[in-house]
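S.K.: Residue numbers (UniProt numbering), protein chains in the order written: chain A, 1 to 977; chain B, 1 to 90; chain C, 1 to 418.
Take the hints with a grain of salt, since some may be wrong.
[Said to hold, decoys possible] Heads up, simulated DMTMM-like pairs for lysine to aspartate or glutamate below, C-alpha to C-alpha not over 20 Å straight-line:
#1 K266(C) to D656(A)
#2 K266(C) to D105(A)
#3 K673(A) to D656(A)
#4 K17(C) to E753(A)
#5 K266(C) to D20(A)
#6 K868(A) to D39(B)
#7 K868(A) to D29(B)
#8 K350(C) to D31(B)
#9 K135(A) to E11(C)
#10 K863(A) to E75(B)
#11 K863(A) to D29(B)
#12 K97(C) to E134(A)
#13 K511(A) to E11(C)
It is worth saying that the hints were derived from the structure and are not from the lab. Predicted model, so just to flag it, every value in this text is computed and none were measured.
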Amino acid sequence: MRINGKGLVDRSTPLTFTFDGHSVDAYAGDTVASALLAAEVKLVARSFKYHRPRGVMGAGSEEAGALITVGNGAGQDPNVRATMQEVYSGLETRSQNRWPSLNFDVLSLNDLASPFLSAGFYYKTFMWPKAFWEKLYEPVIRRAAGIGGLSGEHNPDSYEKAYAFCDFLVIGAGSAGLMAALTAGRAGADVILCDEDSIMGGRLNGETYDVGGATGQDWAASTVAELASMDNVRLMTRTTVTGAYDQGTFGALERVSHHLEDRGGRPVECFWRIAAKRSVLAAGSIERPVAFRNNDRPGIMTASAVRTYLNRYGVAPGKAVTVFANNDDAHRTARDLVEAGVHVAGVIDTRRDAPDGDGYEVYKGAEICNSEGRKALEAVTFRYPDGREDKLQTDCLAMSGGWNPSVHMTCHMNGRPVWNEGIQSFVPVDGTVPGMLTAGACNGVFSTHGALTQGIAAAQEALSDLGVKTAKADVPKAEDAPYRLKPLWAVEGKGRAWLDFQNDVTVKDVKLAAAENFRSVEHMKRYTTQGMAPDQGKNSNVAALAVLADATGRGIPETGTTTFRPPYVPVSIAAMGAGSQGIGFAPQRFTTSHKASVEAGAPMVEVGMWYRPSFFPAPGEKTWRQSCDREVNNVRNAVGVCDVSTLGKIDLQGPDVGEFLDFVYTNMFSTLKVGRTRYGLMLREDGTVMDDGTTARMGENHYVMTTTTAAAGPVMRHLEYVHQCLRPDLDVSMISVTEQWAQFAVAGPKSRELLNGLLAEEINSDSWPFMACGEALIQGVKGRLFRISFSGEHAYEVAVPSRYGDSLFRLLVSRAESMGGGAYGMEALNVLRIEKGHITHSEIHGRTNAFDIGFARMVSAKKDCIGKTMSERPGLVGDTREQLVGLKPIGVVKQLTAGAHLFEKGADPVRVNEQGYTTSVGFSPTLETYLGLGFLRNGRARHGEEIQMVDHLRGITTQCVVCDPVFIDPEGGRVRG
Amino acid sequence: MRIKCPHCGERDRREFYYVGDAVALDRPDPDAGDVVWDDYVHNRDNPAGVTRDLWYHESGCSTWIVVTRNTVTHEILKTELASKVKEAMA
Amino acid sequence: MRFSGWKVIKEGLSGNKGWGAHWRDAQPKPEYDAIIIGGGGHGLSTAYYLAKNHGLTNIAVVEKGYLGGGNVGRNTTIVRANYFLQGNSEFYSHSLKLWEGLEEDLNYNVMHSQRGLINLFHSDGQRDAFARRGNMMVNQGDDAILLDREGVRKHLPYLDFEQTRFPIFGGLYHPRGGTARHDAVAWGYARGASDRGVDLIQNCEVTDIDIEGGVVKGVQTTRGPIKAKKVGIVVAGRSGQVAAMAGRRLPIESHVLQAFVTEGLKPVIDHVVSFGMGHFYISQSDKGGLVFGGDLDFYASYAQRGNLPMKEHVMDAGMTLMPMIGKAKVLRSWGGIMDMTPDGSPFIDKMDGVDGLFIDCGWNYGGFKAVPASGWCMAHLMATDTHHEAAAKFRLDRTRTGVNILDEEGTGSQHNLH
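With the sequences and hints as input, model every part of the structure.
M.R.: Right, here's the structure in full:
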């Protein structure tokens, strides 16, 4: 029911939205909750377990009753608090957790079965017959559980993430927060003020009392206006600070366009990371319900929510409102209602010394013990101090069990709040989040005057820490009423009295938990699920704790609390993961030949962050194998070109580089001659192979190292570590130049011929023997030439500054094609290296050492190096080790697969018989057979033995002969050719 | 979490790579024996409280840093260049 | 008291007044045959199997907080047997078999749900590594199926097969993998142990271990000294501190691992999905919350809470893999203290040089699924002084000798990389 003349909604802008398909009238400035209440829609939702009818219970983000789904189709948004969703024209909303309809919900039968659905009942049943759990019980439970639903389709909306920095972060823009921001802003500090509401002012917007000589609403508006005029203050409405993290980092969720009919390209939400030098928590407090029989019916709300709807939205949530209270504050609700002309059926105050009513009756010392009404509240039964019971016809109950400070954020870094007997609740301990102060109601100070005073004080203290002077500030005149209450958690009596409305946890459940020895508050929580619902116990924790304390004969402080953890309000995965949907998850790295490769029709595959060509299909080729075989043959018989720029390149300079490399490589590099390249093996300190690659000595004090593609980053980090942490005495400088150089392998018997057509100076076997390196002028471009080979052929790698990469690649490929060769991709590269027995990270996979791969001789005895000592541990050498071998099929089955296991001939393929595994396989067009590399126990001593390879997963068993891993040209004639 | 790089000032934790206990600076002699080496490579004091560990300003200036830090509160007490710490050990 | 559906109905009809304590809260006695330090999943299962398999009932579990308050109540509840190294394979296989009979054994519904686990791969190389793993699982007698892209699509049609940064090549499907209700596992073992006479002592912190002449004599606690002939340390992330009471440094670094749960949602994810490329794994609880996690925060920590970078990374991974979860809202995030070892595999062993002192630790972030077999094998070791064959390779000296290093990840001795 709308009340004329009340509220901040814009009566000049009427609009309509839908709820469950029905059109609802509203005004700009309404929330779905306020509009539904204005339209006298009481039943809004169904509860989680018993599917009980539920309505709007509060007016904030902690809403325990009215959770709805917003929107339709792929972007439907479940579990939205109707109290936070601002209306706009055309907004579509739906109720949840009901079937077939909100009014007629089949699973409301659960409510009748509630005696069998007590806390933890599922731990005691559904165990027989065993197979029924997955097939019957669990699917039924799963379908009944849950609240809202996802669409199941890809998220269609855009989200963002952002960073912000400030001197002083103010969390909450109620009276304390506004005053803190104003004080700091006037002092010139860099301030961010966040509030989750659409307008700032906090409780002031829901109350009628004055601040600084104006109404609270006006004072808030004018203060916000002053703040908005300051360049050093950033106001962030609709922004909930969600978590406090280390060194002044905060997470915050901004609801950017949930309230807009036309988002106009804006993201739906933005997740902020705010780094603040100092902060103040001014998050206010949350009014707590009272547990009594059937206290969950639609129409039963918190007393402050009723005031908020009346004063801020101009809506009376009922025609005859009853107030149930144990404190003075709730009487404001009755006064405001009466003043607005709404009938107050009565105020039932549990205190015998409760204040008298002015225009309404106060039942002192009485308590409500039951409610009636099917899908909406119709009456309440209350009990006089003498035990007599009476009934009030009422359609709205405004209840208040007192207030709980919103201490949540002070617990995010493991702080524990302490019990305050005066307010019968927990208050924060300063310093639990370093740099954060608390002010106002969240600190247990409930008067407006107190909040304003603490806001000023917090700003002054924070700014003084930062060396910023604040001017003396006057506290605006405001109410300073004492907070008087008598503790009341649960009204005695039969039936079910709700504590956690969302998870349907009642007083009985908590008592049952205690009886079953779930007496620790953590056990009670986990057993009953109290506090684990969407409100995370904001409405129920303190009362549940009090009930548990009572049931276990302990005081509340000794019973303890559970821990509030981030986020303060639920945060969508899309917001915290903004930007990562699709390809945004990781950077994409492209080589300079990428375009040419794509133009040539090469399928590009991910190799780490890089993309590399898989193969280059030629006309008429139908399978990748045809292309691969041709490319291998090209290299073996003519010349092939392959982009190897993704390999890491590290430039090392300085007089001590040789000594440094001797320490990081197992073999010697100080003895390497200028103009020569050497293959090196690098170990981790635990003796396992870390990486391999060639390093070229370009000058006396200048080396260029190559790493594998995958290890480029880790090796760079490792080299810096070895230098800075172990050998800072060495004069070495290094930098990654991977992206500065485009580098191409030119491999095959005609490689030199091809290159000589491009080089300023022709090369020959004397000027560029195997493993030679140096600078070279390539088509007039100063580049580098290395005579190294991964394919086992006479081969070179030619490097030019990246800007020449595209043109050089095209040139090399066209020349190669004219000579009967062409480009080759990863598939051919892999076959070539398997034929030659060269290892990759398939073999040096982090569990193999130099001994295993047959490179023990490469660990120089003449010097220490990283990993040397540990590689000599007894378990890492000897005939129990699995050693690198080659495998060739010799039986009927010719196929080899990688990831298969090796067994003795005829042995059962079971774990205890397992002797090794395959790591790399490929079909060799050169030898016209599958070839495999693998590790076999004591493998080097077993060359010539027949074994079986078993791949259960692909259904392949192949008889193989064990051989040397180098299948082609073991003497190395070709590479030297 | 924010860490003060001795070169770059306070930076977000995202810029840093973590490797573990700064005991890594104290590499034994090759012939120190298996117990000493096992201790160096594997065993850790693993304190619940103040520890010194090694971080690398990987997305920054490539500096290795010894961070004195509390593993219970995540308070950062001191940051130093690892190379300086190592030189001081010599 | 035996739990059953009939009992639930009977009690429901009579006001649920007949339910008793699930376990006894015991006061410490002056002396026990054996003490287990740590009332988490592993400690409680150790006590249970000591009593059940070995008839040792004069024993106590001492817990500094509340039972099941550590990692057993903080994990993402995944149960699987998909290891590929000799030593791990047989152990986790044994554990999965125990899981499969756990409800009957404990008469407690731990909601072990074999809904199937799919590990995704994104390249030929990853496929081959998973093939090796899957083949070992079959070698061991467990189940593994190699799915291609279309095979994955049939199970998980909601993944982003078109746009995602790391295209899905296929997956290794482990049908017997799944989840369980984590807290119930701790409570079920507690109840089973308590029923067999084991004393469960909460709010009792061990402050020292008494050792005389190389023989363990008992422990000092905040509730007084307790004598014992055998003491088992089963304290996960706190292993470093407790082992230090016996003068021992361990190859363990404690790290924080975060986990997340969303608000309740109608069923949308039926499997456990693991996305190694993004360090992301997810399932949906029976209550409807999406339960998911990622990698360590990467710095040593005892804080049981993490920071934003890893939270965001986990959400990032979820969004690239399955953007249909975007509108799910994270309700809560928390952290556990992981006892990370240099090879990523655990220890169940005697403590060198102290007779009667045993340790079970180093579960990294895979401890939950190990709970049954860990207790089984630790109980075997404590009762018989010999290693159980399924855990024979979980030796403390393997880091020194290099014998049977169990590095499934292949990342080496940097503790946090496993």
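S.K.: Each hint should be assessed against the structure and marked as holding or not.
M.R.: Verification of the hints:
{"no.": "1", "hint": "K266(C) to D656(A)", "verdict": "64 Å, violated"}
{"no.": "2", "hint": "K266(C) to D105(A)", "verdict": "16 Å, holds"}
{"no.": "3", "hint": "K673(A) to D656(A)", "verdict": "15 Å, holds"}
{"no.": "4", "hint": "K17(C) to E753(A)", "verdict": "94 Å, violated"}
{"no.": "5", "hint": "K266(C) to D20(A)", "verdict": "18 Å, holds"}
{"no.": "6", "hint": "K868(A) to D39(B)", "verdict": "16 Å, holds"}
{"no.": "7", "hint": "K868(A) to D29(B)", "verdict": "11 Å, holds"}
{"no.": "8", "hint": "K350(C) to D31(B)", "verdict": "28 Å, violated"}
{"no.": "9", "hint": "K135(A) to E11(C)", "verdict": "26 Å, violated"}
{"no.": "10", "hint": "K863(A) to E75(B)", "verdict": "41 Å, violated"}
{"no.": "11", "hint": "K863(A) to D29(B)", "verdict": "12 Å, holds"}
{"no.": "12", "hint": "K97(C) to E134(A)", "verdict": "16 Å, holds"}
{"no.": "13", "hint": "K511(A) to E11(C)", "verdict": "15 Å, holds"}
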